[in-house]
Each structure stands twice: as C-alpha cells, then as structure tokens.
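Participant: Letter by letter, the chains look like this.
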Amino acid sequence: MKSFWALLSRDVILAVREGGAIGTALGFFLVVVSLMPLGLGPDLNLLSRIAAGVLWIALLLAALLSLNRIFEADHEDGTLDVLATGPLPLELVTVAKSLAHWITTGIPLAIMAPVLGILLNLDLAAYPILVATTLAGTPAVSFLGAIGAALTMKTRRGGLLLALIVLPLYVPTLIFGISAVSAGAGPAGVGASFLILAAISLVAIVLGPLAAAAALRVQLQ
Amino acid sequence: MQLIAEDLVIDRGSRRIIDGLSFAVKGGEALVLTGANGIGKTTLLRTLAGFIRPFRGVIRLDGGDDELTLGEQSHVVGHTNAVKSSLSVAENAGFWNTYLNVGLDSGQDPALRIAASLRHFGLEDLSDFPAAYLSAGQKRRLGLARLLVARRPVWLLDEPTASLDTASSERLVAAVNDHTSSGGLAVIATHLPLGLERARTLDLAAQRMAA
Amino acid sequence: MQTLTQRLANPTRFMELSARLLPWISGAAAILLAYGLYLAFFASPADYQQGETVRIMYIHVPCAWLSMMIYGLIALSSFGLLVFRHPLADVSAKAAAPLGAAFTFLALLTGSLWGKPMWGTYWVWDARLTSVLILFFLYLGLMALRSALEDESAAAKLTAILALVGVTILPIIKFSVDWWNTLHQPSTDFTSTVDPSMRLPLLVMAIAFTLLFFAMHLKGMRNEILRRRVKALRTQAVAGRDRLAAQAANQGAAE
Chain L
1 MKSFWALLSR DVILAVREGG AIGTALGFFL VVVSLMPLGL GPDLNLLSRI AAGVLWIALL
61 LAALLSLNRI FEADHEDGTL DVLATGPLPL ELVTVAKSLA HWITTGIPLA IMAPVLGILL
121 NLDLAAYPIL VATTLAGTPA VSFLGAIGAA LTMKTRRGGL LLALIVLPLY VPTLIFGISA
181 VSAGAGPAGV GASFLILAAI SLVAIVLGPL AAAAALRVQL Q
Chain Z
222 MQLIAEDLVI DRGSRRIIDG LSFAVKGGEA LVLTGANGIG KTTLLRTLAG FIRPFRGVIR
282 LDGGDDELTL GEQSHVVGHT NAVKSSLSVA ENAGFWNTYL NVGLDSGQDP ALRIAASLRH
342 FGLEDLSDFP AAYLSAGQKR RLGLARLLVA RRPVWLLDEP TASLDTASSE RLVAAVNDHT
402 SSGGLAVIAT HLPLGLERAR TLDLAAQRMA A
Chain V
433 MQTLTQRLAN PTRFMELSAR LLPWISGAAA ILLAYGLYLA FFASPADYQQ GETVRIMYIH
493 VPCAWLSMMI YGLIALSSFG LLVFRHPLAD VSAKAAAPLG AAFTFLALLT GSLWGKPMWG
553 TYWVWDARLT SVLILFFLYL GLMALRSALE DESAAAKLTA ILALVGVTIL PIIKFSVDWW
613 NTLHQPSTDF TSTVDPSMRL PLLVMAIAFT LLFFAMHLKG MRNEILRRRV KALRTQAVAG
673 RDRLAAQAAN QGAAE
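These protein sequence lines are chains L, Z and V, in that order.
Take the first sequence: its position 7, counted from the start at 1, is 7 in the numbering used here, and no numbers get skipped.
Just so we're on the same page, the numbering used here is the position in the second sequence counted from 1, plus 221.
Just so we're on the same page, the numbering used here is the position in the third sequence counted from 1, plus 432.
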C-alpha cells in the first residue's frame, strides 16, 4: 500500500511540476469551447441548448491530449521496467497512474467546465449537475484511456492512434454525461443518467487496469 | 541462495536468440556475461527479470523468498536510468526507496539508507538539485544508486558502466563487491573487464558455437 | 483422440484441410448467392409500403449480421490467442478484421441507401445505424493498431487485448445508443415485421453471405500463413548470409 501511495503521489507531483500537461488541457478546453459560438453563431438560446454536449465533447478531447503520457514517459526513461519489478502487480500500477491522471486532468477539467458554461449561456440550475456528472464521468475517461495509452505506448504517431482507439469507447460516458445535464427538466431522468454514468465509470475502473496491465506485460517483452 | 537457469531457449520474433543455455550463480558470486552486440545479453537479462517468457527451460532462485517472483527480488538496471528530471536527486532516490523496499528490508532508517547510497555514488552534495541539472554520468550514477537504496538479493545489470568515467566505474565495482561479499548475487552484461571479485565469465558467443 | 481445434493447430495440417474445404465452401456460397439474388430480385414481392427499395434489405441485413458475427469471431480468436496461445488464432483474427470492416461498411452504405426513400435523407441518426457506425470505428481501431506496431507477435497480442475490450464495451455502447435514441426521437423499428414471403430470400441470402465470408476468411488465413512462411524463410536467409560470411572470414584468416 505504501508503494501505491508513493507512486500515486509521485505521478501527481510530476504532473504539477511539469505543469505543461494540465495547462495545455485547460487551455485546449477553453479554446474549443470558445470556438463553438464562433462557428455556430452567437444565438444564446441555441448555445444554452447545446452547452452540455459542447462541454462534454471538448472535455473528452482535452483529456485525450495528456493520455498518451500516462505510460510513455515512464517507458522512455526505463521507469516502467523498475515499476514492474516492484511489489505492486501491474494492475495496481495502472490504477495508481490512471488515478493520478484523473486527479491532474479530470478534476481540473471538471472544475473548469462550469466556468466555460457561462460562455455558452448554460442554465444556472444545471451547474451543480454539470460538476457532479463531470466528476462522476471523468474516471472512465482516465481508466479507459489507460488501455489506449498502454496499447500505443511504443508506436510513433501514438496520439492520433490513441484517439481512434479510445474515442469509440467513450460513447457511453458521453451519452449519459450529456443526458444527465440536458435532461435538467425531469429529476428522475437526471438521477437515472447519473447513476448509469457512475456505473460506467466503475466498469472502466475494473476493466481499464486489467486490459492495460495485460498490454504492458506484452510491451515489456 | 542460488540462481539456476536450466536448458533455456529464448525466441525473439521468429529468431532463436538463446538455445539450450544452462548456468547457475551462487550467492556471493557475480556472473559476467560477455559476447558481441546482438548475441542476446539484454534478452537474457530481461528473461531473468521475468519480462520475457522463455520458449523452454526453467529459471529459479533457490533459497529466495518463495512468495516473490525472481523479478520482485531483483534490481534491474538497463540502458536507461529511470530518473525523473523534475524530481530532485533525493526525491528520486526516496521514491525508489519507498516503492521498492516493502517487505525486503531490515528496517533500517530510510533517510540514512538514501544518504549512504547517494554518498557511495558521490551524489551527496547534489541531493537537493532537480535531476534535470545532472550530467549524463551523474544521472547514470543516480540510476545506479537505486541498487543501494533498496536491498534486493539479485542484481541484474545491463552495461552498467555506460557513460561512467573510471572513478565512477570503480564505485560501481565496489558496490557489486560489497553486495556479493554480503551474500548477494549479480548477473552483469558488459563489454569491459570490470575487475570484480568472486566473478565468473559466461561467454554467450562460445555458448552459441557449442550449441 | 484429438479435438478438432487441436488438430487444426498445426498450420501444415490446416493448409491441407483448408485447401480441400475451400472449393466446396466457395462453390456453395456462389450457388446460394445466385439463388438468393434470384429470390430477392425476381421471386419475392415488392413491399406494399416501401415498394422495390425493400430489396436492399436482402443485402443490408446479411451485412449487418456479418458485421456483428465477425467481431464475435475476432473476439473468440483473440481469446484463443491470449488464453490458449493457439497458433492459428491470430491468423484468424488478422484475416477477419478487414473483412469485418468491409461488411460493416457495406451495411452502413446499404442502410443509408435504404434510408433515402424511407426517411428522405441518406443519413439518419437511427439507433441501429449509429451502433453499426461505432462498430465500424472499432474495426478501424483494430486495423490501425495492428498496422502501427512493427513487432508482429506483440501486435497480435495487443490487438487481441483491444478486441476483447471492444467486445466487453460493445453491449454498453449498444445500450447507451438505444437510450440516447429513445431520448431524442421515437424508435423507427422497420425490420420487426418481415412478411413470410420475404423470410426465405432473407434466410438464403444470410446463409450465402456467411458462407462467402468463411470462404474469404479461409483464403485470407491461407495467405497470411504463406506470408509468414516467406518471412521466416527470408529471416533465415539473412541470418545464413551472416554465418557464411563469418565462416569465409575464418577460413581466410586460417589461410
């Protein structure tokens, strides 16, 4: 357990110190969301109707930017070899690293989402739901993303390949994330979407480390 | 304690790299692997570490901890240093101490242990600097300091003297000698004669000719 | 007594067996396809609502069926590779992926052609079409991942892992797309009531397409095995060249 926390806190510290990844993700999020009104016209009614969808899609793309670094950096400098001989099974190594990615990318993006909601004239009542759903949904982004990161660790142009592999896996998260926010009218709909979203994240937390660790074992050969 | 490999056959892709290799290394002994590039030194070390599954053959550590795999009782030092440039020298060493140490150590104070390891490789004055400032040789020494930061009975070293000057190589040789004299064992792939005590040489090229 | 999969595990025996089977499967596929097309275009009635366009269904439905069956086959092969290390499993998965992508693409294409007269537009975000589109993306991901990796044995295992992840998530994707669809528009369920006169042509076409796939799959597997043999021979030849050169150098030195 000590090893797990050591790895988790090391990854968080590295992300904070290197800073680039978090800043880039937040900046990308801001730019994509700001481009939407420029492309669609400044009609506030239209914007508030599609705000949830725009925010979620931009958030997924922003989180995607930093995914490929989950394992790549550790593979390049040989850290992964040493982590693999450590006391943690690779599944837990993956959990620690995905969790660190969620803390350093998922949470900042989820906090930033309501701020950007202002730009899109999102209904004020939807704000708490928006934060709750992005927080509940982004673990799936990190943990499913870890699968793609492990699979594409050694490939050149891995980033684009990663997007192709991972984005289809995000469809359920996207659908329920958006439906929870935009179903704001009916509380029953919100509750159901939110619970399903959380369930998807739980599935991702189980499936992601299993698959990613299997991929890492192949990659270490 | 004894590391035993029996009738090892290792394939990479469709090529057979190692064919019918057997050897044993006792505790207190170092085995030096020699042979030209591409002969399979790195492959053999990565197989011992458990990263590569051999096509055939047995690898086992007699007298080790039965609960742990050979890899979990080994220090693996490859061509890379596993050093993070935005962590300080002490933080790098500290991380490996916490991460690797579980269940294998005698309960020595971690801070003392880290300080002693850094001192052995001549890094004690640099411990607060971010590793980004280190030269290639200093980074290598920091990578090697991992060997002392956590106690593990088996050392698997792949070209450990790469980018080290003579004085630093001697520090490494001293560390390996200390390790073997306290009962540990080491398998070291190298081009250069290192002047290790209690060392045997296994020439993979001769082995291949025989096979 | 060996089981069938064990006997098939030997590539040489597989080559012999598949060489004997292939003409029969191809022949059966060709005959059934001809018969099915005849039934579909001449011997079955036009739909009272959709008119002649209903005949697209006889191509669309078999393609849609194959798109799912082939993904299932890939997942099964992947499981065989990762768990049982079956030597032909990867050959099967590799040969099936482009075929699956092709049939999925045909399903999308015929679906949208069928949609034009029905919905007045080529593409509608109907639950079924959307699911098939995402399935198509999964196929593309499998093929892209394999082509991006140089080491073939690693590529085989990594692609297999991705296929198994895909097959685990596919039901969740299907469920969420259905939910999304009912949220935004009433379900347009147009295949639920198939007139008995259309059932026979549909069944014949489905069997014909399935046989066609298996014929192409067997052929693809044979090609892949031959390609691997060529590659192995070339690797050996290169290694042999080295050894000869070394021997020559030794002799030269001795003289």
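Honestly, I wouldn't trust all of these hints.
[Said to hold, decoys possible] If you want the footprint, here are the derived chain V segments under chain L, 3+ residues with CB under 8 Å: (1) 515 to 525; (2) 569 to 577; (3) 597 to 604.
[As the list claims (entries may be wrong)] Simulated crosslink set (EDC-like; lysine to aspartate or glutamate; CA at most 20 Å straight-line): (4) K663(V) to E582(V); (5) K2(L) to D232(Z); (6) K247(Z) to D283(Z); (7) K154(L) to E656(V); (8) K154(L) to E582(V); (9) K154(L) to E584(V); (10) K663(V) to D232(Z); (11) K548(V) to D558(V); (12) K2(L) to D424(Z); (13) K2(L) to D283(Z).
[To be verified] Derived DEER-like restraints, expressed as beta-carbon distance ranges: (14) D386(Z) to A669(V): 41 to 47 Å; (15) E76(L) to L635(V): 34 to 40 Å; (16) R419(Z) to S9(L): 38 to 44 Å; (17) P331(Z) to E76(L): 26 to 32 Å; (18) S629(V) to I50(L): 42 to 48 Å; (19) R517(V) to I111(L): 26 to 32 Å.
Rather than coming from a laboratory, the hints here were simulated on the basis of the structure.
C-beta: ideal position from N, C-alpha, C; glycine also.
Participant: If a hint holds in the structure, say so; if it doesn't, say that too.
Facilitator: Here is how each hint holds up against the structure:
no.	hint	verdict
1	515 to 525	violated (count 0)
2	569 to 577	holds (count 6)
3	597 to 604	holds (count 5)
4	K663(V) to E582(V)	13 Å, holds
5	K2(L) to D232(Z)	37 Å, violated
6	K247(Z) to D283(Z)	9 Å, holds
7	K154(L) to E656(V)	24 Å, violated
8	K154(L) to E582(V)	10 Å, holds
9	K154(L) to E584(V)	13 Å, holds
10	K663(V) to D232(Z)	16 Å, holds
11	K548(V) to D558(V)	13 Å, holds
12	K2(L) to D424(Z)	41 Å, violated
13	K2(L) to D283(Z)	28 Å, violated
14	D386(Z) to A669(V): 41 to 47 Å	43 Å, holds
15	E76(L) to L635(V): 34 to 40 Å	55 Å, violated
16	R419(Z) to S9(L): 38 to 44 Å	40 Å, holds
17	P331(Z) to E76(L): 26 to 32 Å	28 Å, holds
18	S629(V) to I50(L): 42 to 48 Å	46 Å, holds
19	R517(V) to I111(L): 26 to 32 Å	47 Å, violated
Consistency note: the structure conflicts with the earlier hints numbered 1, 5, 7, 12, 13, 15 and 19.
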